[in-house]
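There are 2 protein chains.
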Amino acid sequence: MAEYIESLQLLAEKFGRLEGVGKKTAMRMAFSILELEEEEVRSFASAILDAKEKIHLCPICQNLTDREVCSICADEERDRATVCVVSDPRAVLAMEKVREFSGVYHVLHGLISPMNGITPEQLKIKELLQRVSEDGVEEVIVATNPTVEGEATAMYLSKLLRPFGVRVTRLAYGVPVGADLEYADEITLFRALEGRRDV
Amino acid sequence: MAEYIESLQLLAEKFGRLEGVGKKTAMRMAFSILELEEEEVRSFASAILDAKEKIHLCPICQNLTDREVCSICADEERDRATVCVVSDPRAVLAMEKVREFSGVYHVLHGLISPMNGITPEQLKIKELLQRVSEDGVEEVIVATNPTVEGEATAMYLSKLLRPFGVRVTRLAYGVPVGADLEYADEITLFRALEGRRDV
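Respectively, the protein sequence lines represent chains R and V.
For the first sequence, the numbering used here gives the first residue as 3, with consecutive numbering after it.
For the second sequence, the numbering used here gives the first residue as 3, with consecutive numbering after it.
Be aware that one or more of the hints could be misleading.
Same chains, same label: a pair holds when it works inside one copy or across any pair of copies.
Keeping only pairs whose Cα atoms sit at most 25 Å apart, straight-line, the calculated DMTMM-like set for lysine to aspartate or glutamate is [claimed, not checked]: (1) Lys56 / Glu140; (2) Lys128 / Asp77; (3) Lys25 / Glu98; (4) Lys161 / Glu8.
Read the hints as simulated data drawn from the structure, not as lab findings.
Chain R extracted, bound-state conformation (with noise of 0.2 Å):
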């Protein structure tokens, strides 16, 4: 019975600990594994590995990044005075795939919430203000969700950056209220970027 293989029930509760990943989930991936073929195995470990290994922060907007700058930072193209802030990677993601955003970004790594413990010192927000001291940064997009963390956030951005002088904004409300900029259409995106206003 497989609930007496150890080397699956381990696999089974690594699993587990992704995010999102149930236990039924969880064991039915790990049975998945079992299915591949062996050098699929092996190459599906040295790629968790290989990620965990090479992906680190970028230094100056703290998104994901295997360089040494990300590939947005490191674009002539992109205007360094527009900073579109987010919580998280994915939010990046999302935004470029509306490809009307030409600014730049920087990467929170959470949203404030006293409830789970989330202070602002654990947030990349000290780099956040560095950048906009030093940078030339005219606007400011607080684009994180619209969830009661997320306005919370803007609101404390807002305030931060208000004596840099920069013109901080925040996305329209044409994103769904509640929802994740990770599932939010395009169009919805594109329009909530369009719609932008002062905070």
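Since chain R is already given, all that's left is putting chain V on it; use the hints.
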């Protein structure tokens, strides 16, 4: 932008090859890996290799095991005269949860499905026939799913097993316990009616 991060993209592809994992889920999982501690990631990778290396098929029942013979086949208290035939190891798990079945299993590793090019030769049917011919089996419960493929496989097996003089049974069809008659489909209701019993 994460789409340009080759190792992340590769990892997401690997996750996408697991059963029931779509593109977005695969990408979320790849991101999840990056959020784990390095130590955790290493043990994840080795759990994958470990499971694949250690787990093989039990030579008797064809279920997955990390021992020479699986724990059920090795259990002296299980009734070897009753063999429950299932399509895959997950069905064994489901059956074992009932705690009412004291016989042994036989895992086919698939169902006959000409549409998907799965022929009887690809399943562990040869091994089942050998068991039945040698091991003093008295009853074979064909517990394949009540689907077209499951039915076809059950019919095929019952024909093959008849010459051996064993009793071949099939799990009862009926309304699931706790369900509402209103939502039962007609075929299920028909079968439930057909299989009605005295109270």
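Do the hints match the structure? See the list:
no., hint, verdict
1, Lys56 / Glu140, "neither (33 Å within a copy, 59 Å between copies)"
2, Lys128 / Asp77, "within (23 Å within a copy, 62 Å between copies)"
3, Lys25 / Glu98, "between (33 Å within a copy, 17 Å between copies)"
4, Lys161 / Glu8, "neither (53 Å within a copy, 38 Å between copies)"
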